[in-house]
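K.L.:
Full structure from sequences and hints, please.
There are 2 protein chains.
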Amino acid sequence: MNIEIVTIGDELLLGFTIDTNAAHLARELAALGVRIVRRATCGDDADSIATAVREALERTGAVITTGGLGPTADDMTKPAIASIFGRGMVLDAAILQSLEERWLKRFGHELPASNRQQAMVPEACTILPNRHGSAPGIWLEDAQQRWVAMLPGVPREMRGMLADTVIPHLRDRLPAGGPVIRARTLRTANIAESALADKLGKLARGVNGLSLAYLPGNDGVDLRLTSYTQPARETEATLTGAAQLVREKVGRFIYGEGDDDLAALMLTECATRGLTLAVAESCTGGMLGMRLTAVPGSSRVVQGGTIAYANAVKVRELGVAQGDLDEHGAVSEPVARAMATGARLRFGTNIGIGITGIAGPDGGTPEKPVGTVWVAIDLDGEVRAVRAILPGDRSEIRYRAAQLALDRLRRAFERDQDPVGWTARG
Amino acid sequence: MNIEIVTIGDELLLGFTIDTNAAHLARELAALGVRIVRRATCGDDADSIATAVREALERTGAVITTGGLGPTADDMTKPAIASIFGRGMVLDAAILQSLEERWLKRFGHELPASNRQQAMVPEACTILPNRHGSAPGIWLEDAQQRWVAMLPGVPREMRGMLADTVIPHLRDRLPAGGPVIRARTLRTANIAESALADKLGKLARGVNGLSLAYLPGNDGVDLRLTSYTQPARETEATLTGAAQLVREKVGRFIYGEGDDDLAALMLTECATRGLTLAVAESCTGGMLGMRLTAVPGSSRVVQGGTIAYANAVKVRELGVAQGDLDEHGAVSEPVARAMATGARLRFGTNIGIGITGIAGPDGGTPEKPVGTVWVAIDLDGEVRAVRAILPGDRSEIRYRAAQLALDRLRRAFERDQDPVGWTARG
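Top line first, the protein sequences correspond to chains A and B. So the first sequence is residues 1 to 426, counted in this note's numbering. So the second sequence is residues 1 to 426, counted in this note's numbering.
Everything labelled a hint here was simulated from the structure, so no lab data went into it. Misleading hints may appear alongside valid ones.
Repeated chains share a single entry, so a pair holds when one copy, or any two copies, can fit it.
Derived pair list, reagent style DSS-like, types lysine-lysine, alpha-carbon separation capped at 25 Å [what the hints assert, rightly or not]: (1) K105 to K199; (2) K105 to K368; (3) K202 to K249; (4) K249 to K199; (5) K249 to K105; (6) K202 to K368.
These numbers come from a predicted model, not from an experiment.
P.N.:
This is how it looks when you write it as structure tokens:
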């Protein structure tokens, strides 16, 4: 099935907002075997919406739009597209009622007038329920089975509606056994893109006919294998076999697959082992605690932590020796070790994690350039520390420092002291 | 000047990555008066790159590409585009040397073979230096002044190169006094989009002929005024006048303009007043500390904080009364107040900020639904507390809770107790 996407919004056209919906749609539909043959972006006026959707409809007979369903002034998507199908607009009593109830329940007052128009829909359309927001989606179809699915622009709402209604709907219309595009991602931490390519050698350009892409991010470099030509029933085995070959080359730098979050993996590991955890953060200022507690249920493991930004706090709250600060500086092995142990003892946990570093832009020296980070893991009294020189700007260095700490916890569980890929001297 | 953008990468075509570069380019070029007439996305193969760029070049004679300049296997942008101009590839000694020096300095070892090809460039091209990465950009131009600017795909590198070289280059070629697209953004916090529309009344649809867009995000709702038709010398005054009208309607819900960060504004405010700050975080788990310390120089103000995730930690570290926990629960006014004061006293600061809430997905009750957050500000012993019921999923609720805390600090400085827009009962 060929399909076209029309993303609606002056925001997108002028680049005021980033179109995350198009990427999500492309990914989900490709996995289904639906091919996106064209993508258009148009502004918030009825004419360009009608023109873009009409053209797309004439080419493929199947169009998904995103955006233009919200409560504010710039919403004319529904009437513009209804006009293509020669349909008028009618008030949907059920939508109006659910909007009114939602507002009363959520905000404790009545639906503002500016939101009432969200209950207007094209004649003879199918309503697509919105679990995540107030604006429902619309499915319009004519006698020739040409259809337009109108989804909200808010990514969370669009994604929910795509999964709840549009994808099941499309699956019913697709022939079985056609080729699908499926990917398997292996997530690595603390090793550079080019070092991965060197480890992979011959496999660096592709594995068993699957493409291999390198996706560097703050979590690390993701390795993605993609199958473009096989039917759904064969792809999983092919991807699994290729992933195994990559694992053999890259080894323990791989911490997970897909959208595995290293913080969530470590929390599960701690919970399985019945271990509790506390953090002591200097340069990351709470980011590691934030990442750990972002995971629902983290309270079973995470007791708390100390944000020890000032050196006086490191000494008073974590028992860092003033002498170590004077002699080695705040970014040093003894200070990181003392912070980890200080957190473990202060919060009475099994694990203490200490992070101290120079996030920049200032504070670097020839001996300790910006990006220098010391991380220490105290696991039931056994302390391991490592230094890395992390690339990037302040925010990247901070995020990578938190990711490094989580990765060193993983290594500590594995009794594994592989060097850090960021630096030959780590 | 009309221009076309070609973004390169299988990632983008399949939606595996989100195209943030296109949005940034559109914004920067619109502000310059350059019009983007078309945007294409193509995959990482020489043919489709050459085809897309050749077509664009024939239409406008001016093309910017992003992506395909990295060290990994899927990079053929430079040779593909050189072929359009009938140029071969040559090794650039200066680039090779800088690459070698950069690697030795940064990573302590020699340039991997896989990175050497970054030093290959088209014959007779202009090198665009890359302050932020190893892959330089390329400017290719023929006798008819038709040009292609090749920029890296990594957003930070692309943005730096655009600002350093491409925009100055384009400015020289543009006629003076033409219409430009300029925008002014007013940032609001803790008020809903529809409540803003109601406050703005007649202005809700536009101000003095300028469009007004509502951009809801986790920081709050941004209000953006945009001028599309005026020459550069007139736009600033028009935007300033319109912004003033909006400020009169929306009042103190506006905390800043442009990309102002509320954390950075509050740090400046504290520094100006000579005040120090400490945090006590439960549901946000360190996010407020993370946001504050994300700002360079924050150490003058931020001493540290306590991540008090477990109730036992709230009692032991912050002096929260066990009786209040038993009687009112962890998400309650007395607990938030005690956390704020506990942080101020423990870290010996002027300001203590306490956050406690139910981020979900579990833990909600009819009396305290998911999203219920109590925030308290202790400013030199004077404690203010507020409750809000924040919308969104776990991560949105957490981010909004930190933003709410920063906004209440702002209100505390203003001795201002406007209710929270998220709830009629806040």
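K.L.:
Next, verify each hint and record whether it holds.
P.N.:
Verification of the hints:
1. Taking the shortest Cα distances, K105 and K199 sit within 25 Å of each other only across copies (22 Å), while inside one copy they are farther apart (56 Å).
2. In the homo-oligomer, the alpha carbons of K105 and K368 lie at most 25 Å apart only across protomers (13 Å), although the nearest pairing inside one protomer, at 55 Å, exceeds that limit.
3. Proximity of K202 and K249 under a CA criterion of 25 Å is satisfied intra-copy only: 10 Å inside one chain copy versus 64 Å between copies.
4. In the homo-oligomer, the alpha carbons of K249 and K199 lie at most 25 Å apart inside one protomer (6 Å), although the nearest pairing across protomers, at 61 Å, exceeds that limit.
5. In this assembly of identical chains, K249 and K105 lie within 25 Å of each other by CA distance neither inside one copy nor across copies; the values are 55 Å within and 27 Å between.
6. Proximity of K202 and K368 under a CA criterion of 25 Å is satisfied in neither setting, with 37 Å inside one chain copy and 58 Å between copies.
Hints 5, 6 from the list above are not met by this structure, while the remaining hints are.
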